[in-house]
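Asks: Now for the letters of each chain:
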Amino acid sequence: MLDYVEGDLMEVYGRRVKESGKRKADWKFILDVLLLFRPGIIRPRRPYQNLNTYSMYKSYFKIAYRVIIRNKMYSAIHVFGLTIGVTFALLISVFIYGEVQVNQDLKDVDQLYLLESRYRAGHENFEWYSPAPLVEQAVEKYPTLFDEYYRFYDRNITISKEDKHFRVQSMIGDTSFLPLFGFTVLHGDAQTALTAPNSIVITEKIASLYFGKADVEGETLLVSTEQNGLKEFQITAVIADLQKKNSVSDFMMMDAQVFLSFENIRDFFNQVDIDNWSTDIISYLKLTKGASRQEAHSAIHTLLKDHAPLVAERRSIELNPLQDFYLKANSGSVQKLVVSLAIVAFFILLLAIVNFVNISIASSISRLREVGVRKALGGMKQQVVIQFLCESTILSVISGIGALLFYQLSHGYFGDVLGSPLLSLANFPLFLWGMISAGVLLIGILAGLYPSFYLSLTKPIESLKGKLESVKGTIRFSRSLIVIQFAVTIFIFISAVVLSQQISFFLEKDLGYNKSRVLVVDSVPRIFSEEGFQKMESAKQEFLRSYRVQSASLSWGAPGFGLSPVDAKIYPLGKSPDEGIRTAISSVDGDYLNVFEIEMIDGRFLSANEAARIPNTIVINKAAQKAMSLHVGDKVGIQNFGDVEYTVTGIVDDFNFESLHTSVKPVAFMHNRDFGAFRYFSFKLENGDLLESVQELEKLWKQVFPNDPFSYAFADERLQMLYTTELQLKKGSSMATVLMLILVLTGVFGLVSLSVSKRSKEIGVRKVLGASVFNILALISREYVLLMILAVSLGAPLAYWFASSWLENFAFHITLSWWMIALPFGIVFLMTLVIVVSHSLRTAMSNPVNSLKSE
Amino acid sequence: MKDFQLGEFEEIVILTVGILNNLAYSVAIKDEIESRLTRTVSMGALHTALNRMEDKGYLKSYAGEATEERAGRPRRYFEITALGKKAILHAKETRDGLWNAIPKAIWQSSLAGS
Numbered sequence: 001m002l003d004y005v006e007g008d009l010m011e012v013y014g015r016r017v018k019e020s021g022k023r024k025a026d027w028k029f030i031l032d033v034l035l036l037f038r039p040g041i042i043r044p045r046r047p048y049q050n051l052n053t054y055s056m057y058k059s060y061f062k063i064a065y066r067v068i069i070r071n072k073m074y075s076a077i078h079v080f081g082l083t084i085g086v087t088f089a090l091l092i093s094v095f096i097y098g099e100v101q102v103n104q105d106l107k108d109v110d111q112l113y114l115l116e117s118r119y120r121a122g123h124e125n126f127e128w129y130s131p132a133p134l135v136e137q138a139v140e141k142y143p144t145l146f147d148e149y150y151r152f153y154d155r156n157i158t159i160s161k162e163d164k165h166f167r168v169q170s171m172i173g174d175t176s177f178l179p180l181f182g183f184t185v186l187h188g189d190a191q192t193a194l195t196a197p198n199s200i201v202i203t204e205k206i207a208s209l210y211f212g213k214a215d216v217e218g219e220t221l222l223v224s225t226e227q228n229g230l231k232e233f234q235i236t237a238v239i240a241d242l243q244k245k246n247s248v249s250d251f252m253m254m255d256a257q258v259f260l261s262f263e264n265i266r267d268f269f270n271q272v273d274i275d276n277w278s279t280d281i282i283s284y285l286k287l288t289k290g291a292s293r294q295e296a297h298s299a300i301h302t303l304l305k306d307h308a309p310l311v312a313e314r315r316s317i318e319l320n321p322l323q324d325f326y327l328k329a330n331s332g333s334v335q336k337l338v339v340s341l342a343i344v345a346f347f348i349l350l351l352a353i354v355n356f357v358n359i360s361i362a363s364s365i366s367r368l369r370e371v372g373v374r375k376a377l378g379g380m381k382q383q384v385v386i387q388f389l390c391e392s393t394i395l396s397v398i399s400g401i402g403a404l405l406f407y408q409l410s411h412g413y414f415g416d417v418l419g420s421p422l423l424s425l426a427n428f429p430l431f432l433w434g435m436i437s438a439g440v441l442l443i444g445i446l447a448g449l450y451p452s453f454y455l456s457l458t459k460p461i462e463s464l465k466g467k468l469e470s471v472k473g474t475i476r477f478s479r480s481l482i483v484i485q486f487a488v489t490i491f492i493f494i495s496a497v498v499l500s501q502q503i504s505f506f507l508e509k510d511l512g513y514n515k516s517r518v519l520v521v522d523s524v525p526r527i528f529s530e531e532g533f534q535k536m537e538s539a540k541q542e543f544l545r546s547y548r549v550q551s552a553s554l555s556w557g558a559p560g561f562g563l564s565p566v567d568a569k570i571y572p573l574g575k576s577p578d579e580g581i582r583t584a585i586s587s588v589d590g591d592y593l594n595v596f597e598i599e600m601i602d603g604r605f606l607s608a609n610e611a612a613r614i615p616n617t618i619v620i621n622k623a624a625q626k627a628m629s630l631h632v633g634d635k636v637g638i639q640n641f642g643d644v645e646y647t648v649t650g651i652v653d654d655f656n657f658e659s660l661h662t663s664v665k666p667v668a669f670m671h672n673r674d675f676g677a678f679r680y681f682s683f684k685l686e687n688g689d690l691l692e693s694v695q696e697l698e699k700l701w702k703q704v705f706p707n708d709p710f711s712y713a714f715a716d717e718r719l720q721m722l723y724t725t726e727l728q729l730k731k732g733s734s735m736a737t738v739l740m741l742i743l744v745l746t747g748v749f750g751l752v753s754l755s756v757s758k759r760s761k762e763i764g765v766r767k768v769l770g771a772s773v774f775n776i777l778a779l780i781s782r783e784y785v786l787l788m789i790l791a792v793s794l795g796a797p798l799a800y801w802f803a804s805s806w807l808e809n810f811a812f813h814i815t816l817s818w819w820m821i822a823l824p825f826g827i828v829f830l831m832t833l834v835i836v837v838s839h840s841l842r843t844a845m846s847n848p849v850n851s852l853k854s855e
Numbered sequence: 001m002k003d004f005q006l007g008e009f010e011e012i013v014i015l016t017v018g019i020l021n022n023l024a025y026s027v028a029i030k031d032e033i034e035s036r037l038t039r040t041v042s043m044g045a046l047h048t049a050l051n052r053m054e055d056k057g058y059l060k061s062y063a064g065e066a067t068e069e070r071a072g073r074p075r076r077y078f079e080i081t082a083l084g085k086k087a088i089l090h091a092k093e094t095r096d097g098l099w100n101a102i103p104k105a106i107w108q109s110s111l112a113g114s
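Line by line, the protein sequences are chains A and B.
Reminder that position 505 of the first sequence reads as 505 in this note's numbering, one-by-one numbering, no gaps.
Reminder that position 53 of the second sequence reads as 53 in this note's numbering, one-by-one numbering, no gaps.
Treat the hints as calculated values from the structure; they're not laboratory data.
Predicted model only: the values in this text are computed from it and were never measured.
Careful: at least some of the hints might be erroneous.
Quick list of in silico lysine to any residue cross-link-like pairs, SDA-like style, CA-CA up to 25 angstroms [as the list claims (entries may be wrong)]: (1) A:28 with B:68; (2) B:56 with A:2; (3) A:244 with A:823; (4) A:622 with A:591; (5) A:22 with B:74; (6) A:18 with B:103; (7) A:699 with A:823; (8) A:141 with A:316; (9) A:28 with B:77; (10) A:515 with A:531; (11) A:731 with A:602; (12) A:28 with B:32; (13) B:60 with A:24; (14) A:569 with A:534; (15) A:107 with A:119; (16) A:18 with B:39; (17) A:665 with A:577; (18) A:730 with A:837; (19) A:28 with B:39; (20) A:205 with A:28; (21) A:28 with B:73; (22) B:60 with A:6; (23) B:60 with A:11; (24) A:107 with A:71; (25) A:24 with B:73; (26) A:18 with B:95.
What follows is a set of in silico ranges between Cβ atoms, one per label pair, in the way DEER data are often shown [as the list claims (entries may be wrong)]: (27) A:424 with B:55: 21 to 31 angstroms; (28) A:63 with B:95: 37 to 47 angstroms; (29) A:433 with B:81: 20 to 30 angstroms; (30) B:36 with A:24: 38 to 48 angstroms; (31) B:55 with A:460: 54 to 64 angstroms; (32) B:36 with A:63: 18 to 28 angstroms; (33) A:63 with B:55: 28 to 38 angstroms; (34) A:449 with B:81: 23 to 33 angstroms; (35) B:37 with A:26: 54 to 64 angstroms; (36) A:24 with B:81: 33 to 43 angstroms; (37) A:14 with B:36: 52 to 62 angstroms; (38) B:92 with A:14: 35 to 45 angstroms; (39) B:92 with A:26: 17 to 27 angstroms.
C-beta: ideal position from N, C-alpha, C; glycine also.
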């Protein structure tokens, strides 16, 4: 182009010189040249250079895709490991998310507090009780500090509608219930729902249970009250089903579904005085916006001191924020579970990433040349890094998608294991999606970071020569990663073994009574009058007539249902009650011993024959006998049980009705009539088909108590529920162990296959020089054996320390023995060896000619 | 017009290339336009138009002989391609169509008016 333009200019110039002289031609020439400066001429219309580097990004992805496709096996190992890791991490994060969200739905949860009593020694009582008038006074006297309060008693009541009878958990409390916690009201008015007597608020679930629909405002339900018999209640509001585990309606897992007003308190409790400072109740307080907790605390302290100095002497009241109450209750058991699960998930993810890094490092040696060529052709260090990061991120995104798929398939099962349903993918909040995307990208970058940086740092000349010296440091690095992997796996494995040993010990331990074939019915009508007792006694005779019932007993206290309603101090007569020993008072009848087959050591049990019964007699267990050195025939007093002398008529062997977390407490049995209350019917069933027996019993129950539901549980199943957390942990830890084993073994598999393929020539030379197959196997496995021994010397002491401190939590526990450490190590060792040997065997056996002739 | 992108100046240039037949090179085209249309054409505008139309495929070029008056630089001769012919024909037809569509009355009234 330049030539032609120059030619034109020269031609025109020549002509102009002839026409109008040199001077003018010169000027016109300059003008022409200047006029040539236009985009169409000095720059081609299509730009000859890209103004961006899109094509480089395209190349990153293209190369990454090619690398992934070429190394199918290693890519599969990468994706497999990361998918397992991410799936598990996802399951656990969703679980943790759910646990953290508990209570957050309550209105103004950051201002809500639950009152907790800290008792002085010797005055221990239920920690969530506080004096009943306290919160009311607080709101009245300090309106700037306190906004609103709610108090309740809980009662398990039978509610009927025509022929539908169910036993439902209820809360009987202040009218502020609905507005204070902001529960969603579907029908009815939140403000006035609980103001009138005989009004009842129910959840949607209960509404559909009785009526089959939610819109039932104004309908009535029959409630069987303890004091006034059957009463009609009017439904004033229906609320949406409540969030599980919230610390109000699901306080201490009671799962309340119906809510009554304090107006009806006398239907359930004979003598409750809400205005008396010595009455205890569970109270919630709402602080005003911006009120300081410190000030509120001191205000409550002052109130308590002024109104009830005696109460204030025995305990102090703390404000427990409801926001994190669920996590921190039971000395933080949920928090502990959450933290330990998070650690396990972290470890599994770590293992997966380590696999990735290790195999990347090992296989990167073959890509050393590629890096050399890239750099020699002018590729920058940064571009090499991006190339490798791009590959690892693509793999991690693939794994992320796979993990979402696996999550969707397995979240139901994991929800069962963890004891709380997990969200389905469709219900994920935006926050979780953001976390997942960020997490997947982060994993991709983390996994690719080390290999990419170390590869990008190699000098082009060395890497073009394929010198392995530059890789030595990284081999040490990847070895230490393998040691960590093995150590973590062995640690988790040992923990899982100890855990499952302890749990089977729990479930198989001789508890001092026979829990099999014992059916406990907890829906006994609670009528504690003389009439009620007579009704129960005749009912018992009815049940005993059935050939399927061996023996029956009415009591308050059954295995897994709680041992006794109250603790009281038993003291020898003549001494002060304060010197007595705290004893659980359990109320039973004379047949209790037969049903549970508890061993009698001395004396007689309470008489089964009502006519021959001597009032005011008690039977104690061995723990109580030892604690007080009592004997049969001794007379004792019981604090808070009136000025009555009780005679010890017998001593039974120790038995354990509660979980083995705690040791056997002193127990005293008292007759139902002396005690004045009962709760459970326990039946020892004859041998034979259990299901038929239950059906038979149910039919009988319907005849005897037509207005009460038949709600029952087997004692042994109920006892298992005491170990729910442990059973969950057991399942979780065995699952974690399996996953970790899979991850570690695939990692080892990848590494071995790489090292075997790299060393095939070396193996060939060794074989030619006379090495046997065994020598070669030993050569390859030696490295892993050494690494594993190093790992076990790290992991085992840690696991030992951890397991023994965990076992300390239980009153009854197994002793750690050497096999619990040796067995997991042995299994890991053998499996690794099998993988190493089986994979290197083919190379070791192959003809050295094959490997040596190829160049 | 959509199928054949042809600007006003481009149209003049390509028609001139047609007039000059086998002798169409830049200076000749420039002289021809200047003499026929009595307007000055800058070298830059001409080259741009020629390049643009070559890109579009309306023209093709070949190097001619190097002459002394051009100080040894070759001439670059242009000729119209088949596509180029189609383009100018299309342009002419659309113009004619528009011309024919104007009612006769316009001419009369405008004549009367002037």
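Asks: So, for every hint listed, does it hold in this structure?
Replies: Verification of the hints:
no. : hint                                : verdict
1   : A:28 with B:68                      : holds, 21 angstroms
2   : B:56 with A:2                       : holds, 20 angstroms
3   : A:244 with A:823                    : violated, 41 angstroms
4   : A:622 with A:591                    : holds, 19 angstroms
5   : A:22 with B:74                      : holds, 24 angstroms
6   : A:18 with B:103                     : violated, 52 angstroms
7   : A:699 with A:823                    : violated, 52 angstroms
8   : A:141 with A:316                    : holds, 19 angstroms
9   : A:28 with B:77                      : holds, 24 angstroms
10  : A:515 with A:531                    : violated, 31 angstroms
11  : A:731 with A:602                    : violated, 43 angstroms
12  : A:28 with B:32                      : holds, 19 angstroms
13  : B:60 with A:24                      : violated, 34 angstroms
14  : A:569 with A:534                    : violated, 30 angstroms
15  : A:107 with A:119                    : violated, 30 angstroms
16  : A:18 with B:39                      : holds, 21 angstroms
17  : A:665 with A:577                    : holds, 19 angstroms
18  : A:730 with A:837                    : violated, 32 angstroms
19  : A:28 with B:39                      : holds, 16 angstroms
20  : A:205 with A:28                     : violated, 97 angstroms
21  : A:28 with B:73                      : holds, 20 angstroms
22  : B:60 with A:6                       : holds, 20 angstroms
23  : B:60 with A:11                      : holds, 22 angstroms
24  : A:107 with A:71                     : violated, 56 angstroms
25  : A:24 with B:73                      : holds, 23 angstroms
26  : A:18 with B:95                      : violated, 42 angstroms
27  : A:424 with B:55: 21 to 31 angstroms : violated, 58 angstroms
28  : A:63 with B:95: 37 to 47 angstroms  : violated, 55 angstroms
29  : A:433 with B:81: 20 to 30 angstroms : violated, 57 angstroms
30  : B:36 with A:24: 38 to 48 angstroms  : violated, 24 angstroms
31  : B:55 with A:460: 54 to 64 angstroms : violated, 42 angstroms
32  : B:36 with A:63: 18 to 28 angstroms  : violated, 60 angstroms
33  : A:63 with B:55: 28 to 38 angstroms  : holds, 34 angstroms
34  : A:449 with B:81: 23 to 33 angstroms : violated, 58 angstroms
35  : B:37 with A:26: 54 to 64 angstroms  : violated, 27 angstroms
36  : A:24 with B:81: 33 to 43 angstroms  : holds, 39 angstroms
37  : A:14 with B:36: 52 to 62 angstroms  : violated, 23 angstroms
38  : B:92 with A:14: 35 to 45 angstroms  : holds, 37 angstroms
39  : B:92 with A:26: 17 to 27 angstroms  : violated, 42 angstroms
Hint compliance for this structure: hints 3, 6, 7, 10, 11, 13, 14, 15, 18, 20, 24, 26, 27, 28, 29, 30, 31, 32, 34, 35, 37 and 39 are broken, all remaining hints hold.
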